[in-house]
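Visitor: Here is what each chain is made of, one letter per residue.
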Amino acid sequence: MKSSISLSRRQFVKTSLGGCLSIGVGTAVPSFLANALGEQVKQDENILVVVQLTGGNDGLNTVVPFQDDAYYKARPKLGIAAKDLLKEGGELGLHPSLRGFHELMQEGTASVVQGVGYPNPNRSHFESMDIWHTCLRKDKKRSDGWLGRYVDQNNGSLSEDVPALHVGGGKQPLALATRNVRVPSLNKLTDFQLQGNHQEVIEAVLETELTSPASEKGGLLDFVQSSTTSAISASKRVSDAVQQYRPEFKYPETDLARKLSTVAQLINSGLKTSVYYVELDGFDTHAEQVDTHAILLRDWSDAVSAFMKDLKARDHADRVCVMTFSEFGRRVAENASGGTDHGAAGPMLICGGKVKSGFLGQTPDLTDLDDGDIQHQIDFRQVYAGILRDWLHVSPREVILGQFPPLSLFS
Amino acid sequence: MNDLRNIDPNTAWQPFVPSAEIPWTDRLAAHLFRRAGFGASFAELEEAAKKSPDQIVSEMIAKSRQEQEFRDVADTLAETVIPSGNARSLSAAWVYRLLRTPNPLQEKMTLFWHGHFATSAEKVKDPRMMWEQNQLLRKNALGNFGSLVQAISKDPAMLVYLDSTSNRKAHPNENYAREVMELFCLGEGHYTEVDVQELARCFTGWEIKNHRFRKNRYQHDGSEKSILGKTGEFGGEEGVAIVIQQEATPQFICRKLVRFFVCDEPELSDEFIAPLVRTMQDNDLEIAPVVSQILTSQFFYSKHAVGRKIKSPVEFMIGTMRCLEASGNTQQIAEGLMQAGQGLFYPPSVKGWDGGRTWINSSTLLARANLAQRILNDTVTKFHGENLGDYLRTYDIDTPIQLIPWFNRLTMTAPLDPIIEKQIIDRIPANEARDEKSLRGIVEVIAALPAYHLA
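Chains as they are written, first to last, in full-length UniProt numbering: chain A, 1 to 411; chain S, 1 to 455.
In case anyone wonders, no lab produced these hints; they're calculated from the structure. Heads up, the beta-carbon is just placed ideally off N, CA and C, and yes, glycines get one too. Mixed in with the good hints there might be a few duds.
Where chain S lies over chain A, by a calculated footprint (3+ residues, C-beta under 8 Å) [as the list claims (entries may be wrong)]:
no.: 1; segment: 203-210
no.: 2; segment: 218-231
no.: 3; segment: 324-332
So that you can see chain S by itself, here it is in the shape it has in the complex:
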């Protein structure tokens, strides 16, 4: 078990400095890229080895503010599928973006917020609304948490999803007010039922009409409210601000970020995440400084973090493909992700994906293996535009014997048992050098190993 009781929180979140004991290796760089994004290609890792972790993370965060050119292409793609009215195509457009983005950290954070402010196209149906929410999450992915909650509180897709498109003075709708406190900011136990009712009154008059947010002042209850110890004639924004300002907010978010980036287990104590909470508070709830502190910390590069997460289906599939610079049938990948339990734009409930062990059962494991199989055996799938054999040639990889350890370093947290390596080689004979089928088969078999699902 991952026992954290003997770790000093203050040391844990101090910057990692490579040492003789824990040197900066390509394996550790691969760990960073897996967690901060969806894995790195061999070329990216070679590049990373020349830099410090701190430098890499700074670059990742800086990048989220650039790269307009790629964004334009990916946005156009999404825009073209909207008129179809089919949100499933939107899911494929996101897969395209995940595969190609030069800025994986931003997409990773967008995915994090998609799970946090979970909204499903299953109910919302309108792809434009879903797309606009997705853009909102992307734009604020590493921005200010307070601004993000304020914006999401007026987001049409969110309010449709939570049946809160009409908030009337006479019948305040408590649904959104509850979720803001329970699932978005504070967590259970940090508010009362009365707080929910009072906050709901702040939202009266907020409506979605013709797919747009608007305030209907005739339906707003302007009288006094009392929320979490504060009293006043609050409107919706002020109500949200009171919730955001609670100490429990940065605590709730930091705990979730650590779980997302560092380790699935165990449950983290308040003391353990306190240094991160301070960072978030000191930075006026900016998200980037906390993410940066997490990704450059001693704890992040320790044995308590490496291999301590179960890959999500997206991390599993997109990660496999990005490590090999692969492109493929995005529609099929999107469908496969759905089968494996992570349909993009289709989270299971307002609670999002629980992650960790809940990703795994007989059905999702078979769905993962079958998805990898389908994509790898599809001739449409290319690796930097080439066959796998030709692509690997760039790295002087010709045979299965060379491929196995090479691919293992890119995608897995620990070396393979030599017995397993031998068995794979024996069972997938290469008839000739760069036998395309065997090379793809080897990737497929490795991707089915239990240890492959760890990040």
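The following block holds chain A by itself, in its conformation from the complex:
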């Protein structure tokens, strides 16, 4: 519990600082406080949230070409009847579980990028996932991931708050592997708050310590001091945010929703992290796929739409882009166990206030398959490049390790 003393001190600081600034007297403001205030005001950086669907999502039953006879021919048992699909005009319909996502599309804040993959698709989960994570094939040394490179290369311009966060337990995705800057994983929000009985003493002592004249400029102590300023201010913001946080919309009771709600709270706290990464596992549907897939897609869609609604209510929707991908799509033809096997290209799903809404790319041609799989028409690196260039505002080339024409995703 946070005591009223702390809150009132904080209130006082806010008010008095506001007063100072408004009459143009800013010099007397201790840097520790000015910093905390500055970070509260400046919240205009764009944020990328990556949602990984682990196991290979059946793209063809996610976004269904219901006017194509070849679809129903290949999927006598698994094919979803046209009348059950959620339609957006045109020749494509969404899986009935995607009600939330469908609403986002109708609002103009979501898009489907069709037929995303890469040449010579690898059908191993691990290998394909590694390719998506690193933009490199097995013959190359893969010591960092694409988001890791983004973080490393832009370290100077990113803030002292952690540049990227993996939200969830378990192994950190290779996409976030860096060479220099560490990317933390966080399971609970309390990991990001100073705990215990002495937090106020620590905060107070640090305020004194940190307002005393800086040590050797640019030296190690100076660096730890400024990092501590960020840490304490992040902790305060997260604590305040958690305390004041009332979800505008009830999130579903699922693991993914819990993670995204955590991300929403962190964004809302003003944390200057620009990349968040969450996973939803279970998409490897080789048998009895119908129910499993319906549940997974509902979990995803409900969680993402609650997240977007929550962000919108707090005025953050326009600076957040949610990118959802899976390591591959599945075979066009269903198998004998009521499931589908590992395939190749699949759709990527993009949500966000500034997203160019609708269906991007050509609807996959189910008569022109590569070894029974949908051929890719858009390289996943084109999607990355579009996000890097137009959303995160960095040059994509060194991050995706090659030249791919960026896909225009934002309006």
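Since the structure of chain A is already known, use the hints to place chain S on it.
Guide: Chain S only, in chain A's frame:
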């Protein structure tokens, strides 16, 4: 900034002789113990003040060859957790060892090699393999670098980690060959892609089968190879030997040792570390003579070294506890270290931990503070088996006013600002003499100060 341009390398690595300008004090002894181990208790420092730095370092190195009794206890503990199949418990067993070892230099070097030959249980999974590698690193921690690389080249955990458990004649696996040159011995720029391919051929036929290393002679490519200017029908050991014999090897290792023991910054020039490289070469790549030279050098006790490192999470937490002879919940400490960015047996990549500034960000700093808080407020945590108040009584410390400077001398590189001292005392009132909560609270608050993270 730490400017080394005007320092003569030859003088820098000469033995430190205490003088009026830089006398041998308990603060300087504490510096040695922090760097060569994980900090010293007050009793250890009192003992150290009576000896010369040279004598202390010699004793530390000699110790790494004894202390069998403690090793047996710590080994047994590790062995008992292996059947659980959970490598996380192994991490806690190492914490136990770090807290209790009578031979901190050996553990410090083991940790150094763990970061150097980085292998993660996240991928290897099998705790026995991880434990055996850990023992290999410990056994060779201050031994011969050449022998260590030869042994690690056949280490099951390492080869599993680098996907090199099967090296077939028709498809030589370049992964291990590359890392031996890039990360273990030479560093980038000291070999070519062709050297990697040729060395990979030397390793053909090397396999891990049933968790054991073996050579499959049917899969070995016995034809001629050409590596780093040498040509012959080399096998794996000969290939590794060629790499080890390169001049770049002692250079690569000495640079990393200086960064580990002396200062995080700046990048060191070849000229600056040349005297150490000579020592390593003259001693047939033995590690102990270089470590000893570093820890007894003028440079090590200079202002370019004291306070010029950021504590790793292990140094931070284990150091705090060892200075107070503390014991506590090892599982919780191991988990906390993971949160703070240094999970034992879980390095982030084959490159190990970069250290220095990369230890620090909002999340790791909060993880450090919260870990210290959890352990200090846990009643399981004892100080030489006692409450903190009773423990401090042995040193005639009763009040916060006495505790602050005392603890500062043990754990920090510079005295605290009196204003900070006063603020801590004012805000953590002691209701009575030896108020356990206040004393623990003071340690917790000091451990959260920015300067506390410097070593």
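Visitor: Broken hints, numbered, in rising order?
Guide: 3
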